[in-house]
Amino acid sequence: MIQDQVRLPLSVAIGVVMQGIRIRFGRSLITLMGVALGTAFLVSNLTGQAINAAVRQEEQSRSEVKRMASFLEAEMGPPRDRIVGVIQTGPLDENEQGLIRFLIDSRVKSIQWYNAAPETPISQSEEAECRRDVSLEGVANQAGSVLLMGSGPLPDVLTAPEPVASLFKDAAGKILACTRTPQGLASPPGVAVVELAREFTPEELIKIAEQKTQAQFRRNWITLISMVVTVAGIANAMLMSVTERFREIGTMKCLGALSSFVRWIFFFESSFMGAVGGVMGGVAGTVFSLAVYGFTYGYGLVFSSVDWVLLGVYLVLSVLVGIGLSIVAAIYPAGVAASMVPANALRTDV
Amino acid sequence: MSIDKEKLQALFVAPAAGVAPCVIRAIDVKKIYWAGQVETHALRGATLDIYRGEYLSIMGPSGSGKTTLFNMIGALQKPTSGKVYIDQVDIAQLDTDELAWLRCHKIGYVFQTFNLIPVMTCLENVMLPMAFAGLEGEAAREKAVGILDLVGLGHRLLHKPAELSGGQQQRVAIARALANSPQIILTDEPTANLDQKTGMEMIELLARLKVEKNVTIISATHDQRMLQKSDRILWIEDGQIVKAARPDEIDFSTAEFR
Chain B
1 MIQDQVRLPL SVAIGVVMQG IRIRFGRSLI TLMGVALGTA FLVSNLTGQA INAAVRQEEQ
61 SRSEVKRMAS FLEAEMGPPR DRIVGVIQTG PLDENEQGLI RFLIDSRVKS IQWYNAAPET
121 PISQSEEAEC RRDVSLEGVA NQAGSVLLMG SGPLPDVLTA PEPVASLFKD AAGKILACTR
181 TPQGLASPPG VAVVELAREF TPEELIKIAE QKTQAQFRRN WITLISMVVT VAGIANAMLM
241 SVTERFREIG TMKCLGALSS FVRWIFFFES SFMGAVGGVM GGVAGTVFSL AVYGFTYGYG
301 LVFSSVDWVL LGVYLVLSVL VGIGLSIVAA IYPAGVAASM VPANALRTDV
Chain W
1001 MSIDKEKLQA LFVAPAAGVA PCVIRAIDVK KIYWAGQVET HALRGATLDI YRGEYLSIMG
1061 PSGSGKTTLF NMIGALQKPT SGKVYIDQVD IAQLDTDELA WLRCHKIGYV FQTFNLIPVM
1121 TCLENVMLPM AFAGLEGEAA REKAVGILDL VGLGHRLLHK PAELSGGQQQ RVAIARALAN
1181 SPQIILTDEP TANLDQKTGM EMIELLARLK VEKNVTIISA THDQRMLQKS DRILWIEDGQ
1241 IVKAARPDEI DFSTAEFR
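If you're matching them up, the sequences are chains B and W in order. Residue numbers 1 to 350, in the numbering used here, belong to the letters of the first sequence in order. Residue numbers 1001 to 1258, in the numbering used here, belong to the letters of the second sequence in order.
Honestly, I wouldn't trust all of these hints.
Listed next, the in silico SDA-like pairs over lysine to any residue satisfying Cα-Cα at most 20 Å (straight line) [as the list claims (entries may be wrong)]:
1) Lys1030/W / Gly1063/W
2) Lys1160/W / Arg24/B
3) Lys1106/W / Leu1209/W
4) Lys1078/W / Arg24/B
5) Lys1078/W / Ser259/B
In short, the hints are calculated from the structure, not lab data.
Just chain W, with the same shape it has in the complex (with noise of 0.2 Å):
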C-alpha cells in the first residue's frame, strides 16, 4: 500500500478544537462497487482523522461518495483498501461480531429517516441497544429513563414511535444512540426530515450532548445551520475529500469555501 507523502502530513494537522486524541483515522480507504462488471469509485483514497469531542460536518453532492465514507468510519461497511482505526483498532481486522460489538459499544446512529422499531415503546427502543450490550431489567429502564429526560422525551416514555412528532421521534433516535454511552455519534442528515425549528432544536441538542458527555459527532450534512454549528467541515467530491475548513472560513451565502 503506497500512501501519499502529503496525505499522511495531514494526518497530523491538529483540528480547530485543540490537541485531543484521535478517534477516527483513515488512511488512503477506497471503496470499490461491482455491479456486474462495471466497477464504481465511490471512494478514491481518502484521509482523516477524526478527534475527540469533535463536531464534524462531512458534506457533498449526492453520488460524491459521502455516505460511503459515512459508512467506512462507522464500521458499517469495510473498504477495499487503505486502513479505518475506530478507536485505534483496525476495522478490516475485525470479524462481523467483533464489528457489532465496536457498533455497540462505541458508535451511536442517527438516521435521515430515524429508523426506529415501530412496535416498541420509546422506552423499548432505547433499550433495545442495552439489551444487544447485555444490559437488561431494572439497570437498563433506569438509563433508558435517565437519557430519554436527557433528550426531553420523559414524559413520552411509553408512546410508539407513530404517536410521535418527527422532532421527537429524532429526538428517540439520539436517544437510541447514547444508550451505550459511546464515544461516538454519527448523523446521516439528521434534520432533513426535519421543519426549521425541531431542525434547530436538533442541532442544538447534539452541540449540547457534544459538550456534555464529550462525544464526538460526526454528520453528512447540508443543513447550514449545522455546519455553522460544526467544528470542522470536509468537502467531498468524486470519492475524495478535497476541502476541509471550520465554519468562519466559508460563505454560507454562496455555500462556497473561501
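Chain B with its partners taken away, still in its complex shape (with noise of 0.2 Å):
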C-alpha cells in the first residue's frame, strides 16, 4: 500500500515548485542570481583562458611568419615577380599556411607545387594560385628558391645525394629553404639549404611550461573559491526558502506527503534555478569575457582566433556546473525540510 504512495506524485511536484517560485519570484531571483554569478565567474574564467590562449598562438603563429618570410626574404630577395617550388611531404601548420599566404600576399609569379602525400590538401585559398601539376622533378625548374615544408617524411629522392642533385640542375644561386629541421636531408651541391624553423632550448621550454602552470593553478584557486561561494550562497537561500514554507511543509505532511516528496520539491527547485542561472551565467560570463578580451586584443584577432566549439562545450559545462552546485547547495536545505516534524504546521507562531 505504501508503495502507492511511494510512487512520487511528479506532477504535483513540479506545480508546487513553480507555483512557490512564481510567488517569491523576488527571492528567486536572488537565488538565481547566485547561481548566475558563480558560473559566469566560471564560464568567463574558462573562455578567458581559452580566448588568452588561442589569441596567444595566433600572435605567435603570425610573428612567426613574420620571421620565416623575413628569413626568406633575406635569402632570395624580394619575392615579387619570382617563381617558387614547394615540396609538401605532409600535413601543413599554421605558420607554413601563413608563410605561402605571405607569398601569395607578396605576388610571386607562381608557385610550382608539388605533394608528396596527396591525401593531405592545403587550405582552399591558396588553390588558385599554385600550379598543381608539378612533378618532382619540375618543382626546381625556373624556381630561384624551393621550399620544403610538411609534416611527413622526406621524399626518397631528396636523401639520396644523386637525385638531389639532378633535381637542381642549374643549382647555382639556388636556396632550398626548410621550414621544418629536415631529418636526412642530402644537401645538393651548390644548393643553400635554409632552415627557417626556430627551435626552442629545452630551459625557454620548460619556463614556459612552468609560467603556465602558475597561471593556471591561481586562475583555479578563484574559480574554486569562488563555487565554494556559490553554494553557500544558493544554500542559504533555499534555507530560506525552507523557513518560509515551513507551514506549508507541515500542512503537506500532515497531508501525508513523504520526507522524500518534500526533499524532492527542494531538489526540484534547486536544480531548476541551477539550470535557468547555468544559462544566463554562461551566456553572461561568454558575452562578458568576449568582449572584455575583444577589447583588449581587437576583436578580429579574437574572433578570427577562438575555438567557438570549446566555447561552446563551455556554455554547457557552465550549465551543469550550475545545477550541480545547486544540487549540492539543496542537500542540506533540502534535508532539513524533509526531517521536519509535521506538529511544525499546528503551530501558530510560526
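Join the two chains into one complex using the hints; note that each chain is given alone, in its own frame.
Structure follows, in C-alpha cells:
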C-alpha cells in the first residue's frame, strides 16, 4: 500500500515548485543571481583562458610567419614576380600556411607545387594561385628557391645525394628553404639550405610551461573559491525558502506527503534554478569575456582566433556546473525540510 | 512500563454513544521536550479511548498539553513513553513513511489557521492529499468536486483561498481533510478564527459529517457551542486528563464541570 504513495506525484511536485517560484519571485531572482554569478565567473574564466591561449597562439604564429618570411626574403630577395617551388611532405601547420599566404600576398609569379602526400590537401584559398600539375622533377625548374614544408617524411629522392643533385640541375644561386629541421636531407651541391624553423631551448620550454601552470593554478584556485561561495549563497537562499515554507511543508506532511516528496521539491526547485541560472551565467560570462578580451586584443583577432566549439562546450559545462552546484547546495536545506516534524504545522506562531 | 490499574480500568468505560469499536487508544502517554538542559513535561501520562463515530472535544487552558495530546493521537509526533494505537496500530512501531501513509489515509486535519496552500485553487487543495495517496487525474477531480459540493462550495472550485471568506476557507480545509475518506478528523480550534455565524455553520457541518460519513471527530476547542454538540468532553490540565464528561454534565455558564 505504501508503494502507491512512494510513487512520487511528480506533476504535483513540479506544480508546487513552479508556483512557489512565481510567488516568491524576488527571492527566487536573488537565488538565480547567485547561481548566475557563480557560473558566469567560472565561464568567463574558462573562456578567458581559451581566448587568451588562442590569441597568444595566433599572435605567436603571426610573428613566427613574419620572422620566417623576413628570413626567406633575406635569402632570396623580394619575392615579387619570382617563381617559387614548394615540396609538401605532409599536412601543413599554421605557420607554413601563413608563409604561403605571405608569398601569394607579395605577388610571386607562380608557385610550382609538388605534394608528396596527395591525401593531405592544403587550405582552399591557396589553390587558385598554385600550379599543382608539377612533378617533383619540375619543382625546381626555373624556380630561384624551393620551400620544403609539411610534417611528413621526406620523399626518397631528397634523401639520396645523386637524385637530389639531379633535381637542382642549374643549381647555382638557388636556395632550398626548410620550415622544419629536415631529417636525413641530402643537401644538393651548390644549393644553399636554409632552415627557417626556430627551436626553443629546453630551458625556455620549461620556463614557458612553468608560467602556464602557475597562472592556471591561480585561476583554478579563484574559481574553486567562487564556486564554494556560490554553493554557500544558494544554500542560504534555499534555507530561507525552507523556513518561509515551514507551515506549507508541515501541512503537506499532515496531508500525507512523504519526506522524500518534500526533499524532492527542494531538489527540484534548486536544480531548476541552477539550470536557468547556469544558462544565464554561461551566456553572460561568455559575452563578457569576449567583450573584454575583444576590447584589449582587438575584436578581429579574438573572433578569428577563438575556438567556438570549445566555447560551446564551456557553455554546456557551465549549465551542468550550475545544476550540480545547486543540487549540492540543496542537500542540507532539503534535509532540514524533509526531517521536519509535521506537528510544526499546527503551531500558530511560526 | 507500569500502568495504573485505575487508568487501565478507564479504558473499558463505554462512551456515551454506546458500544462502538475503538479507533484511537492511548495508554499512559508521556511527552517530554528538552530545551537544552531543561525538561518540560508536556504530557504526564494520558490514557484515553476514542470510539468510532464519536464527537470528542478536548479542552484545557493554554500550556496544558492539549496540543501535545492532539499531536500524539494524530500521529504527528511520537510519544516519549506510552503507547498510542490508531486503528489498532502502535504508531511507535511505524517509520516516517508509514506514519505519512497513516496520516494520508486514516486521518484528516483541520487547522485553526486553515493552512490551505495559497497558490492552489480550492480544487487543487482538495486534490493534493489524493495525489499523495496515489489517486490522480479524472477520478481525483470528480471525487474532489463531490466533496466540495458536500461542504457547500461546489460553485467556488477554481477560486484561490485568498479570494474566499474565512468560513469558506475553513470549508475547503474540511473538504481537504475528507479527501481520502479518513476515519478520523482532527480539528484544532477550527472556529477560533471565524465569526459567530460561520463558526456555527462549521460546527453544524462537522456534526453533519459525523452522522453522514460516520467519521470520528476530535477537536481541541474552547468554543462552547462546539462543546455542546460533542458526545464527550475531556478536560486536560498540567499534562493530565483530569475530567471526562458529557455536555449535559457541564455548566456552560461557568465552564465548570458539575
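Structure-based check of each hint:
| no. | hint | verdict |
| --- | --- | --- |
| 1 | Lys1030/W / Gly1063/W | 15 Å, holds |
| 2 | Lys1160/W / Arg24/B | 17 Å, holds |
| 3 | Lys1106/W / Leu1209/W | 15 Å, holds |
| 4 | Lys1078/W / Arg24/B | 33 Å, violated |
| 5 | Lys1078/W / Ser259/B | 16 Å, holds |
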